[in-house]
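Chemist: Starting from the structure of chain A, add chain B where the hints point.
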Amino acid sequence: AQSVTQLDSQVPVFEEAPVELRCNYSSSVSVYLFWYVQYPNQGLQLLLKYLSGSTLVKGINGFEAEFNKSQTSFHLRKPSVHISDTAEYFCAVSASNTGNQFYFGTGTSLTVIP
Amino acid sequence: NAGVTQTPKFQVLKTGQSMTLQCAQDMNHNSMYWYRQDPGMGLRLIYYSASEGTTDKGEVPNGYNVSRLNKREFSLRLESAAPSQTSVYFCASSDPDGRMNTEAFFGQGTRLTVV
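Quick mapping for you: the protein sequence lines, in order, are chains A and B.
Just so we're aligned, residue 1 is where the first sequence starts under this note's numbering, counting upward by one.
Just so we're aligned, residue 1001 is where the second sequence starts under this note's numbering, counting upward by one.
Same shape as in the complex, but just chain A (with noise of 0.2 Å):
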């Protein structure tokens, strides 16, 4: 099986400015990396997916990620947040050896201060 940290579980930033939210996984096989947003009492939808090709990945709403191999990293970046971004954000993996199975994170809740 597969895991999945997400370091932070909670991260206030104020608006405009960058934000970093950070995820790790435990893979030595060939893996596909998501991150979801999910809004309150609402399901998870898709922000990005890296599954080859480029390490810096471009997804909705001005966020970006990287997949770094050498430290199972996937961070997420977003260089000036809004209000609206304000959310939960899950980070998942799936690999070559798991066939279609996902596995989530903990999630880290983004709060936009005004």
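For the record, the hints were derived by calculation from the structure and aren't laboratory data.
One thing to keep in mind: the hints can contain errors.
[What the hints assert, rightly or not] Some, not all, of what chain B presents toward chain A, calculated at C-beta under 8 Å: (1) Gly1063; (2) Phe1090; (3) Ser1094; (4) Gln1108.
Fair warning: this is a prediction, and the values are worked out from it, not measured in the lab.
Glycine included, each C-beta is placed from N, C-alpha and C at the ideal position.
Modeler: Using the frame of chain A, we list chain B on its own:
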């Protein structure tokens, strides 16, 4: 295009009662999943179905059963509900056209309270 549809959205059960959570997807996906979400624990896989006619246990299957009725529908049954099963339940689907490891698409969730 409705995506993944879950019913009901909210449910309150008494301890010992049974119920079935329904899930349907209209994206022709092969794989379907049931997760539960609890505060501070992220999403934990209960059961999944890699294809029609197959089901496998996930991380937390105890107290649950599933049925992959056809390619579109994947139901989750609680035979005798317990307060520990109070949670938000999400259904998801993935793997369009047989491609592996593409993203999962989620329903809106079912908020279940067992009293």
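Chemist: Evaluate each hint against the coordinates.
Modeler: Structure-based check of all given hints:
no.: 1; hint: Gly1063; result: violated, 20 Å
no.: 2; hint: Phe1090; result: holds, 6 Å
no.: 3; hint: Ser1094; result: holds, 6 Å
no.: 4; hint: Gln1108; result: holds, 5 Å
Taken one by one, the earlier hints fail for this structure only at number 1.
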